[in-house]
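Protein chains in written order, with our numbering: chain A, 1 to 200; chain B, 201 to 400.
In case anyone wonders, no lab produced these hints; they're calculated from the structure.
Hints are not guaranteed to be accurate.
[As the list claims (entries may be wrong)] To give a feel for the contact side, a few chain B residues facing chain A, derived at Cβ under 7 Å:
{"no.": "1", "residue": "Glu-213"}
{"no.": "2", "residue": "His-251"}
{"no.": "3", "residue": "Ala-252"}
{"no.": "4", "residue": "Val-327"}
{"no.": "5", "residue": "Ala-329"}
{"no.": "6", "residue": "Cys-350"}
{"no.": "7", "residue": "Leu-351"}
{"no.": "8", "residue": "Ala-352"}
{"no.": "9", "residue": "Val-377"}
{"no.": "10", "residue": "Ala-378"}
{"no.": "11", "residue": "Gly-381"}
[As the list claims (entries may be wrong)] Listed below are the simulated DMTMM-like cross-link pairs for lysine to aspartate or glutamate, each with C-alpha atoms no more than 20 Å apart in a straight line:
{"no.": "12", "chain 1": "A", "residue 1": "Lys-183", "chain 2": "B", "residue 2": "Asp-368"}
{"no.": "13", "chain 1": "A", "residue 1": "Lys-27", "chain 2": "A", "residue 2": "Glu-165"}
{"no.": "14", "chain 1": "A", "residue 1": "Lys-183", "chain 2": "B", "residue 2": "Glu-382"}
{"no.": "15", "chain 1": "B", "residue 1": "Lys-383", "chain 2": "A", "residue 2": "Asp-185"}
{"no.": "16", "chain 1": "A", "residue 1": "Lys-183", "chain 2": "A", "residue 2": "Asp-168"}
Backbone N, C-alpha and C fix where the C-beta goes; we use that ideal spot for every residue, glycine too.
There are 2 protein chains.
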Amino acid sequence: MHIAILTFQGFNELDSLIALGVLNRVKEPGWRVTLCCPEPQVTSMNGVTVHAQSTLEEAASADAVLVGSGIRTRDIVATPGLLSRIRLDPAKQLVGAQCSGTLILARLGLVSDIPACTDLTTKPWVVEAGVQVLNQAFYARGNLATAGGCLAASYLAAWVIARTEGMDAAAAALHYVAPVGEKDDFVANALRHIAPCLPA
Amino acid sequence: MHIAILTFQGFNELDSLIALGVLNRVKEPGWRVTLCCPEPQVTSMNGVTVHAQSTLEEAASADAVLVGSGIRTRDIVATPGLLSRIRLDPAKQLVGAQCSGTLILARLGLVSDIPACTDLTTKPWVVEAGVQVLNQAFYARGNLATAGGCLAASYLAAWVIARTEGMDAAAAALHYVAPVGEKDDFVANALRHIAPCLPA
Numbered sequence: 001m002h003i004a005i006l007t008f009q010g011f012n013e014l015d016s017l018i019a020l021g022v023l024n025r026v027k028e029p030g031w032r033v034t035l036c037c038p039e040p041q042v043t044s045m046n047g048v049t050v051h052a053q054s055t056l057e058e059a060a061s062a063d064a065v066l067v068g069s070g071i072r073t074r075d076i077v078a079t080p081g082l083l084s085r086i087r088l089d090p091a092k093q094l095v096g097a098q099c100s101g102t103l104i105l106a107r108l109g110l111v112s113d114i115p116a117c118t119d120l121t122t123k124p125w126v127v128e129a130g131v132q133v134l135n136q137a138f139y140a141r142g143n144l145a146t147a148g149g150c151l152a153a154s155y156l157a158a159w160v161i162a163r164t165e166g167m168d169a170a171a172a173a174l175h176y177v178a179p180v181g182e183k184d185d186f187v188a189n190a191l192r193h194i195a196p197c198l199p200a
Numbered sequence: 201m202h203i204a205i206l207t208f209q210g211f212n213e214l215d216s217l218i219a220l221g222v223l224n225r226v227k228e229p230g231w232r233v234t235l236c237c238p239e240p241q242v243t244s245m246n247g248v249t250v251h252a253q254s255t256l257e258e259a260a261s262a263d264a265v266l267v268g269s270g271i272r273t274r275d276i277v278a279t280p281g282l283l284s285r286i287r288l289d290p291a292k293q294l295v296g297a298q299c300s301g302t303l304i305l306a307r308l309g310l311v312s313d314i315p316a317c318t319d320l321t322t323k324p325w326v327v328e329a330g331v332q333v334l335n336q337a338f339y340a341r342g343n344l345a346t347a348g349g350c351l352a353a354s355y356l357a358a359w360v361i362a363r364t365e366g367m368d369a370a371a372a373a374l375h376y377v378a379p380v381g382e383k384d385d386f387v388a389n390a391l392r393h394i395a396p397c398l399p400a
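So here's chain A without its partners, still in its complex pose (with noise of 0.2 Å):
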């Protein structure tokens, strides 16, 4: 099991790494979570620099992909060779985006005819391109997933551990990265959120 996170110049730290933070509380054999760059090294809006785990070119055969977001998304959108390289296919794998990386599942055509996530930010690009957006934190149909609000990246890194290894998988996961005194009531509601989403 890869799951491959998309993490471009520019990128917002929570967005990524909370994903990967979350997706690494899983402990099965050949369970991989990379962050996966368009070169060898990005650095995100604020400056931090990160080594790549893996090539856009490896997420088309990873078996989830997680579209992270940044500062830089529409210079990304707008740049054939680099949109070009990044190829999805959600009856095959899981995908889900995050904030801004919504803008990147609607220019690849991959929520035209289902309702979406993002930020508050982002909300008027992902409208223009012609998408339905949800004022919610997550929304899923079937392999496609998208979360808005950097923290909503929990939810996003649960779903998929939910769809991949079960609820409980998942509320583990989440019960750890949890504040202390607050872990149940974080479960719960992460959880209300995914739950309907998942196939029956």
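Fit chain B to the known structure of chain A by using the hints.
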């Protein structure tokens, strides 16, 4: 205003980078937030390599220092050559710790006479170091704050903002990162942790 986030080999991505992301919502001139590391690069508990933005020695002159968490904290506190490079002075600096970072404050003797928060895994070691551990996400007294559970890193960061830029700035930073549709509830809950711990 320099805020150094101490980030060691084996660091927990959530603890250092949630704080960094929230703190960077402040856009004041001279506001500077750095990953502060013992080496030019450090690799997280899940294999993510990041570049240091300041040295451990620079933390001594920072206006605020947050001690991150990770899987090697017990090694760090058992390494005098490393521990001696961490020079913190709560008389002159805001000092906070996240999860196992509290163990570092404990070994530096900074939380011997106030209770502290930490994560459930680290709790027995902090207790063993003679510190009273609270079953809550956040606590601060004076210039010293501690938080427990990865996602409580947003409370710790908001406390630094509240102490330096005021409650409105803290609320604005939290609002930005909160999940869409849950922003007001999230901010209110976070401020309930922080407000009672601010100086009169």
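Restraint check, 7 Å cut-off on beta carbons, for Val-377/B near chain A: Nearest chain A Cβ about 4 Å off; hint holds.
Under the criterion that the straight-line Cα-Cα distance not exceed 20 Å, is the pair Lys-183/A, Asp-368/B satisfied? violated, 27 Å
Hint Ala-329/B vs chain A: min CB-CB distance below 7 Å? At about 18 Å, which exceeds the 7 Å cut-off, the nearest Cβ of chain A leaves the hint on Ala-329/B violated.
Interface hint check: His-251/B, Cβ to nearest Cβ on chain A, cutoff 7 Å. Holds or violated? holds, 4 Å
Within 20 Å, alpha carbon to alpha carbon, are Lys-27/A and Glu-165/A? This hinted pair holds, its Cα atoms lying about 11 Å apart.
So, as I understand it, the hint says Cys-350/B touches chain A; can you test that by seeing if any CB pair is closer than 7 Å? Holds - the Cβ of Cys-350/B comes within 7 Å of chain A, reaching about 4 Å at its closest.
Given a cut of 7 Å on the nearest C-beta pair, is the interface hint for Gly-381/B held or broken against chain A? holds, 4 Å
Check whether the Cα positions of Lys-383/B and Asp-185/A lie no farther apart than 20 Å. Cα-Cα ~16 Å, so holds.
Minimum beta-carbon distance criterion (7 Å), Ala-252/B to chain A: With Cβ-Cβ at 10 Å, over 7 Å, it is violated.
Let's test the interface hint: is any C-beta of chain A closer than 7 Å to that of Leu-351/B? OK, holds: Leu-351/B within 7 Å of chain A, min 5 Å.
Proposed interface contact between Glu-213/B and chain A, which counts if any beta carbon pair is under 7 Å: OK, holds: Glu-213/B within 7 Å of chain A, min 4 Å.
Evaluation of the interface hint that places Ala-352/B against chain A, nearest CB under 7 Å: holds, 4 Å
Of the numbered hints given earlier, the model fails hints 3, 4, 5 and 12; all others are met.
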